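Construct the entire structure; sequences and hints are all you get.
Residues per chain are reported as follows:
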Amino acid sequence: MNDKPHLDEEALTELQDVMEDEFDTLIEIYLKDSSERISYLRDAIGTSDADAFANAAHSFKGSSINIGAPQLGALCLKAEEAGKDNRFDEAAEVVDAIESEFQHVAQTLKRFLA
Amino acid sequence: MTRENDALRILIADDNDSDRLILKTLMKHLGHQVRAAANGSEAVAIFADYQADIVLLDVLMPVMDGITAARKIKDMAGEEWVPVIFLTSLTDASALARCLDAGGDDFLTKPYNKVIIQAKLGAFNRMRQMHQTLSQQRDLISERNRQLLEEQQLAKRVFDNIAHTGCLDADNIRYHVSPMSIFNGDILFACPRPAGGMHVLIGDFTGHGLPAAIGALPIAEIFYGMTSMGFSGSDVLREINDKLVRILPIGMFCCAAMIQADFQLNQLRIWNGGLPDGVLFRKGGGRDLVISRHLPLGVLNASRFDAAMEVFHTSAGDSLLMMTDGVLEVENEEAEHYGEARLKHALDTAPDAETPIDTLLGAIRSFTGEQSGQDDLTLVSLDMVVASQFHEAAERLPQSALKGPAQWYCVYEVRDDTLAQFNPLPLLLHICMEVPGLRRKSADIYTLLSELYTNALEHGVLDLSSDLKTSPDGFSYYYTERDRRLENVTGHFIRFTLTHSTTRAGGQLAITCEDSGRGFDHNCQVTPGTRVDSYSPETKYSGRGLLLMQKLGHSLRYLEYGSRAEIVYDWELAIKQPGIGHE
Chain A
62 MNDKPHLDEE
72 ALTELQDVME
82 DEFDTLIEIY
92 LKDSSERISY
102 LRDAIGTSDA
112 DAFANAAHSF
122 KGSSINIGAP
132 QLGALCLKAE
142 EAGKDNRFDE
152 AAEVVDAIES
162 EFQHVAQTLK
172 RFLA
Chain B
-1 MTRENDALRI
9 LIADDNDSDR
19 LILKTLMKHL
29 GHQVRAAANG
39 SEAVAIFADY
49 QADIVLLDVL
59 MPVMDGITAA
69 RKIKDMAGEE
79 WVPVIFLTSL
89 TDASALARCL
99 DAGGDDFLTK
109 PYNKVIIQAK
119 LGAFNRMRQM
129 HQTLSQQRDL
139 ISERNRQLLE
149 EQQLAKRVFD
159 NIAHTGCLDA
169 DNIRYHVSPM
179 SIFNGDILFA
189 CPRPAGGMHV
199 LIGDFTGHGL
209 PAAIGALPIA
219 EIFYGMTSMG
229 FSGSDVLREI
239 NDKLVRILPI
249 GMFCCAAMIQ
259 ADFQLNQLRI
269 WNGGLPDGVL
279 FRKGGGRDLV
289 ISRHLPLGVL
299 NASRFDAAME
309 VFHTSAGDSL
319 LMMTDGVLEV
329 ENEEAEHYGE
339 ARLKHALDTA
349 PDAETPIDTL
359 LGAIRSFTGE
369 QSGQDDLTLV
379 SLDMVVASQF
389 HEAAERLPQS
399 ALKGPAQWYC
409 VYEVRDDTLA
419 QFNPLPLLLH
429 ICMEVPGLRR
439 KSADIYTLLS
449 ELYTNALEHG
459 VLDLSSDLKT
469 SPDGFSYYYT
479 ERDRRLENVT
489 GHFIRFTLTH
499 STTRAGGQLA
509 ITCEDSGRGF
519 DHNCQVTPGT
529 RVDSYSPETK
539 YSGRGLLLMQ
549 KLGHSLRYLE
559 YGSRAEIVYD
569 WELAIKQPGI
579 GHE
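In the order they appear, the protein sequences are chains A and B.
To convert, count from 1 in the first sequence and add 61; that's the working numbering.
Each step along the second sequence adds one to the number in the working numbering, with nothing skipped, and position 375 is 373.
Simulated from the structure, these hints should not be mistaken for lab results.
Wrong hints could be hidden among the right ones.
Covered by chain A, per the in silico footprint, the following chain B stretches (three or more residues, Cβ under 8 Å) [said to hold, decoys possible]: (1) 4 to 15; (2) 22 to 34; (3) 107 to 116.
As the structure is a prediction and not an experimental result, all values here were calculated from the model.
Ideal placement from N, C-alpha and C gives every residue a C-beta, glycine not left out.
Structure (structure tokens):
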């Protein structure tokens, strides 16, 4: 689908370095927020709220890029664009892809936790 | 204002918990103070009491987006510059540009990079400090400027009190001075003379502003002081020149003209040092030029300074116009000077009904067009009037509340070659003016003293016959002979004895003037039955003096063949204001 890596190890290492003791907290916050966002995206599709969908995807994109999950970020961008264009069929497909990619990222991230 | 070592107060707003945590931690790592908000509205609330140096805002946030928050924060910061940096995962160029259009100063893209963030904060901090320095210096300059203006206003008040305009408001004077600058270096003073008539001084200092104004102060002091004491125009000029030579730096001087107007003699005596030609308009048409024949005041030292004034015989209705360089130098939009040729043309083609000063001002105004802001003009015109129409300003003086000397007596004698060099009248007048009640009568007293002195000197000591003055040729012979004889005076004196006492109504001043001459036939000088009012230029000049004295004094007696004259002058406390000739 795209060739971006699941996790940018270099970025994560730098983040670990910067965050020090807060790193674990950060990962936990990210994981919790992301699960919530996935449900939020599904709800937005259910109510056909394109703006809410696009905004949630945009926000999810930002945090995923920052945490060092570029492929998830790219999927979020795709979702954001679908939301802006009111393409709900495609949106549902992208959310499935996001959920599967997130599972993968989450498992890998948990390995970084102390 | 600047906190030590670049530690900044930073405000972050991001609705994304993980992103906010990353940024906050990153900033703390870099040694800055951080406050964080989850949306734009919270950020604005925090900014109200947290003086952030730099604000970082996510663009898309619930409740209030970053762009609205940025606008509010910029408003709240007022004059202070608070950089706003937008946080964004936007990637297309036009979306990034919109952030800056909306009032942002820069943007940071995700993922955050520690090195780039550090560099940007450093750059913004330098700009912020520069802005602060600029603002402080601007405030400092504007404060200094305000102080300067305030000081100038204060100085102007003092200046106006000393260098007041004197009797410029007299009916026979018209003038224009520049309203543009507090101190433009031009001066214009007028002061009535105790013997009647007036002095007018118009001048233009090199330079502008405070230095020029400072030079004007002693001039005003000397001009008003000496004129009121009865000194001649030449005496005043000599004193002013001497003062300016001593106080002005080299290269600074004052182009000026002194005008001594005598309405009794119908005479103008004018000294022009460096001003443009004055113009004397004759009543019947025709003009005489009053050319500058001297260097400006403040250039030559006393031994080389020539205070001789040029004499113009006039009649009532003649009018003198004098001006400063500003008139010739005024520029139009093409930066051309007004110049002498245009001035002459304007006066040549002037309508009859208009006064020359109005003609000239009108012509200059149409020459400069809209550039009236450069007005640096000083002009004065003085009309010769019938003597009786010129009211003495001294009569209008308020009566002094001080009790001066009332009962006194003094003798003052001038001897030998001092008679040729020194005029004792101002000193004698000064002594009399110590009596408060006499101050309003300075014109009368001066006239009495000067007539007594002139008679004693010319007819007594110098033994000149006033018969000489009946013909125009004799008139000039008389004065040539006077100067010649003055140079050779030896063994002579003129002695004044002044006695003042109080009376029920006011006071009495008795003046005795004795001289060492062999006397003169004073009876020939007064034509019996001639009324003073019918005096005309055809009557004998010397006769006028005696008649005037008789009119002013209570009694006039000549004794010892005319070498001793006694006159008694009565004055009353002013309840109403009696003028000259009251009985």
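A quick look at each hint next to the structure:
Counting residues of the segment 4 to 15 of chain B whose C-beta sits closer than 8 Å to any C-beta of chain A gives 3, which meets the bar of three, so the coverage hint holds. With a cut-off of 8 Å between beta carbons, the segment 22 to 34 of chain B has 3 residues touching chain A; three or more are needed, and the interface restraint holds. Chain A is given as covering the segment 107 to 116 of chain B, and this holds because 4 residues of the stretch bring a CB closer than 8 Å to a CB of that chain, at least three being needed.
The structure agrees with every numbered hint stated previously.
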